[in-house]
Amino acid sequence: MKNRLRVLRAERNWSQADLALRLEVSRQSVNAIETGRFDPSLPLAFKLARLFGTSIESIFTEESFPDIQEPG
Amino acid sequence: MPFCNKHLSPLQLRSLRLFAANLAGTALMVKIAHDRYEQAHPSILMTYLLAAIAAIPVIAVIAIVGRYLARETDEFVRMMVVQALLWGLGVTFVADTFLGCLFAYPSISEVIPPLNLDLFVVSAGVALRIQMWRNR
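Chains A and B supply the protein sequences, listed in that same order.
Going by this note's numbering, 28 is the number at position 28 of the first sequence; the sequence numbering is gapless.
For any residue, its number in this note's numbering is found by taking its place in the second sequence, counting from 1, and adding 72.
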């Protein structure tokens, strides 16, 4: 999953440690999410969205988005 | 929270201390049980009782790890710990199978095999250190 976390963080001049403090997680968690090594849970994703004042979809995007077929 | 910064949270510190105390307890219980076997040649019932007593700290270790995982609020740290525990289990199973076959030979069975808990703790600890280094 791709994300705009680094950009959003840079816009606010926050370090990874600053964001980690606001999210109440470790700096390593923020780093792992930013680099795409770890996908956060929904509660953490909502927390991120709330913190940046945006929606989850505007932070996280799937790298390949397969077409979802409606059930017949 | 900053699990990987050598600054442990109170929960991590408390869990680690309890974990270490119970490991020491396990070693002590195994030593006591071993000494009792050698000195007193206990009855079958007593043998089972001693073996069960020696296993109590192991149950406590599992409870401590479970309690820690249930209370850890950082999901990434929790994932790293769970992965390290799985590595520990994997290494223990492999080593146990390997040693189990090896100790079937009379000349090798004289050697004292390592405790599964030792194998598990060491391999899970190494796996956690590697995870922490990779995600530093």
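By construction, these hints were calculated from the structure, which means they are not laboratory data.
Errors might be hidden in some of the hints.
Selected chain A positions facing chain B (in silico; Cβ < 8 Å) [claimed, not checked]:
(1) E24
(2) Q28
(3) S29
(4) N31
(5) F38
(6) S41
(7) L42
(8) L51
(9) G53
(10) T54
Okay, the calculated beta carbon distance ranges per label pair [as the list claims (entries may be wrong)]:
(11) B/F170 <-> A/G53: 16 to 22 Å
(12) B/K103 <-> A/S55: 41 to 47 Å
(13) A/L42 <-> B/V198: 49 to 55 Å
(14) A/M1 <-> B/A176: 48 to 54 Å
(15) A/G36 <-> B/L174: 39 to 45 Å
(16) A/E62 <-> B/L85: 35 to 41 Å
(17) A/S55 <-> B/C173: 55 to 61 Å
(18) A/F46 <-> B/R206: 53 to 59 Å
(19) B/A167 <-> A/P43: 34 to 40 Å
(20) B/F165 <-> A/E62: 32 to 38 Å
For each residue, glycine too, the CB sits at the ideal point set by N, CA and C.
To see whether the hints hold, each was checked on the structure:
1. E24: 7 Å, holds
2. Q28: Hint holds; A/Q28 Cβ to chain B Cβ min 5 Å, cut 8 Å.
3. S29: Hint on A/S29: holds, closest Cβ of chain B at ~4 Å, below 8 Å.
4. N31: Holds: closest Cβ of chain B sits about 7 Å from A/N31, inside 8 Å.
5. F38: 5 Å, holds
6. S41: Holds: closest Cβ of chain B sits about 6 Å from A/S41, inside 8 Å.
7. L42: Violated, about 11 Å.
8. L51: 16 Å, violated
9. G53: 23 Å, violated
10. T54: 21 Å, violated
11. B/F170 <-> A/G53: 16 to 22 Å: Violated: the Cβ-Cβ distance is about 56 Å, outside 16 to 22 Å.
12. B/K103 <-> A/S55: 41 to 47 Å: Between B/K103 and A/S55, where Cβ atoms are some 60 Å apart, the hint is violated.
13. A/L42 <-> B/V198: 49 to 55 Å: 33 Å, violated
14. A/M1 <-> B/A176: 48 to 54 Å: Cβ of A/M1 to Cβ of B/A176: about 49 Å, so the range 48 to 54 Å holds.
15. A/G36 <-> B/L174: 39 to 45 Å: 43 Å, holds
16. A/E62 <-> B/L85: 35 to 41 Å: 39 Å, holds
17. A/S55 <-> B/C173: 55 to 61 Å: 57 Å, holds
18. A/F46 <-> B/R206: 53 to 59 Å: Violated, since A/F46 and B/R206 (Cβ atoms, about 27 Å apart) do not stay within the stated range.
19. B/A167 <-> A/P43: 34 to 40 Å: 38 Å, holds
20. B/F165 <-> A/E62: 32 to 38 Å: Holds - the Cβ-Cβ distance for B/F165 and A/E62, about 36 Å, lies within 32 to 38 Å.
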